[in-house]
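In order, the protein sequences belong to chains A and B.
Take 398 as the starting number for the first sequence in the numbering used here and just add one per residue.
Take 398 as the starting number for the second sequence in the numbering used here and just add one per residue.
Some hints here could point you the wrong way.
For identical chains, the list gives no copy identity; a pair is met inside one copy or between any two copies.
As the list claims (entries may be wrong) - Straight-line Cα separation of at most 27 Å, DSS-like style, residue types lysine-lysine; simulated pairs:
#, residue 1, residue 2
1, K562, K409
2, K609, K409
3, K545, K630
4, K562, K537
5, K697, K630
6, K697, K544
7, K630, K562
8, K399, K562
Just so you know, the hints here were simulated from the structure itself, not pulled from any lab data.
Listed below, chain by chain, are the residues.
Protein chains: 2
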Amino acid sequence: MKAFNIVSLIRKKRDRQSLSPEEIRFLIQQYSKDEMPDYQMSAFLMATFLNGLDDNEAAALTYEMLHSGMVMDLSDVPGIKVDKHSTGGVGDKTSLILAPIVAACGVPVPMISGRGLGHSGGTLDKLESIPGFNVNLDLKRYVEVLKKHNLVLIGQTEEIAPADKRMYALRDVTATVECIPLIAGSIMSKKLAEGIDALVLDVKFGSGAFMKTREQALRLAERLVTIGEEFGKRTIAYLTGMEQPLGQNIGNWLEVRESIDCLNGGGPEDLLMVTHQLAGTMIYLGGEAASIEEGIMRSKESVQDGSAMQKFRDIV
Amino acid sequence: MKAFNIVSLIRKKRDRQSLSPEEIRFLIQQYSKDEMPDYQMSAFLMATFLNGLDDNEAAALTYEMLHSGMVMDLSDVPGIKVDKHSTGGVGDKTSLILAPIVAACGVPVPMISGRGLGHSGGTLDKLESIPGFNVNLDLKRYVEVLKKHNLVLIGQTEEIAPADKRMYALRDVTATVECIPLIAGSIMSKKLAEGIDALVLDVKFGSGAFMKTREQALRLAERLVTIGEEFGKRTIAYLTGMEQPLGQNIGNWLEVRESIDCLNGGGPEDLLMVTHQLAGTMIYLGGEAASIEEGIMRSKESVQDGSAMQKFRDIV
Chain A
398 MKAFNIVSLI
408 RKKRDRQSLS
418 PEEIRFLIQQ
428 YSKDEMPDYQ
438 MSAFLMATFL
448 NGLDDNEAAA
458 LTYEMLHSGM
468 VMDLSDVPGI
478 KVDKHSTGGV
488 GDKTSLILAP
498 IVAACGVPVP
508 MISGRGLGHS
518 GGTLDKLESI
528 PGFNVNLDLK
538 RYVEVLKKHN
548 LVLIGQTEEI
558 APADKRMYAL
568 RDVTATVECI
578 PLIAGSIMSK
588 KLAEGIDALV
598 LDVKFGSGAF
608 MKTREQALRL
618 AERLVTIGEE
628 FGKRTIAYLT
638 GMEQPLGQNI
648 GNWLEVRESI
658 DCLNGGGPED
668 LLMVTHQLAG
678 TMIYLGGEAA
688 SIEEGIMRSK
698 ESVQDGSAMQ
708 KFRDIV
Chain B
398 MKAFNIVSLI
408 RKKRDRQSLS
418 PEEIRFLIQQ
428 YSKDEMPDYQ
438 MSAFLMATFL
448 NGLDDNEAAA
458 LTYEMLHSGM
468 VMDLSDVPGI
478 KVDKHSTGGV
488 GDKTSLILAP
498 IVAACGVPVP
508 MISGRGLGHS
518 GGTLDKLESI
528 PGFNVNLDLK
538 RYVEVLKKHN
548 LVLIGQTEEI
558 APADKRMYAL
568 RDVTATVECI
578 PLIAGSIMSK
588 KLAEGIDALV
598 LDVKFGSGAF
608 MKTREQALRL
618 AERLVTIGEE
628 FGKRTIAYLT
638 GMEQPLGQNI
648 GNWLEVRESI
658 DCLNGGGPED
668 LLMVTHQLAG
678 TMIYLGGEAA
688 SIEEGIMRSK
698 ESVQDGSAMQ
708 KFRDIV
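Whole structure, please, built from the sequences with the hints as guidance.
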């Protein structure tokens, strides 16, 4: 690999110049090998926060964080593998409902979830509130479970995008979290590691969400879709206002309870609407519906005929 | 001391807000106590590099770096203590000539010198090229030598502005060196630690200097004078173009040789002119001349009558 001078690369970003893919690769690889100390990475992250990354830089960063760890090979699993990612917000429980729906409709859903950011619990935290639920399957079993159930839900392991994990921890203590290209790279490196073919994104905004304004959410959504396309994955993003938390219940166990209500055909209207929209889009991208509208119809049917609830029972 | 959240303070600077003196104090004190790790300081330094510091912040930073170490008390030494600082450049040898001149004219010159930056050798490096010259006097002897000779030349010890020393080392590896308020704070914290009453600054610019343009040099000079005034020290700054190195000889020992030539009444015209201007200003600030012009006359006399050369011999 070509060698660069770390200080020169920090200086380049500081001076608003674009880094080449080779230069980004060098930085992330040196950091992963502990040959670039945290204090240099944090200076680079702050320069990035203030001066941005262009699309090529963001794609290169995503690529390097992705390949810092294991990338799942799901070519053995038949079908178009589709996942959904939500940027999170208080009361976001759509994942728990739509994953069984989409799987029940014949689309394989490989889902590796992160922990919550700040006060908004992640899908994983919610699942762990179900006694006995094991989110720490190993990666071999990940493929087996997906093949068997069309659905696998696991927590982010050490093997998935470790460079992202370290950089995220560093961003957290250096005031460099709320940076759209860094957020996009972090999300996409983890999603791409799942071995997906397509991705639906639910970018939330509002006082209860991570992105405070619609404009920020739109910029993030654009970045996510651009990176997805760059990696050859069909990617569709929605913006969801979160001034009011979806559904009525906030808190991990209560949210699981409410999700089960939805899968049983009950549940609050707003939550159902968002869920069917996202699930329908996943079913469409997974090739099990000719349009998003048809996907939404199939999503609703899987709740009515009990197949989504059955899928939820299978995996729990 | 009031406690703040380090990440919040980094975020504040990142978001172009001004930090209060208490906030700056907190950061520097935490860093000095190893309670703020390098990776947080480097993020703060990069945010500072890109968003700047206002005059109050720069003064507070200087104050905290100054008081992170020992501040010399020269109240026992009669007279107005004056030093000169040059931002350095290839072939800057004025310190070696003017210090004996000014001391010979009756103004005490307490001079703590740093090492060279990059390719431009510092005064200290030049002095050490004189066999047997001891730049590591302890701080007690510093006062004694100054009292006896009106002149003391030592290297920056661990006791002088240690926070600046650590921050400078960190800036060097995080591409945050060329930042005018940080440079100004670094210079002034070390100069103020000498126990001076007044300061003459020689801010060089041009391809051979640290500041590449006259405009940058002017901004640095303004910052330095503002901080000096803030601390109640009379401060006068000159801008010196350095497209051509002063004098004819470059290299530590050759420069010492040339300095001795100057003190013996020889030496190149350009070097003599700059030296007498700066020395004259120091003599004026030290109260041994009624004007800079008179100071320049006295400076020239001290070379002609051999008293400057005698002073040089005394300290070597």
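Check each numbered hint from earlier against the structure, then list the numbers of those it violates in ascending order. none
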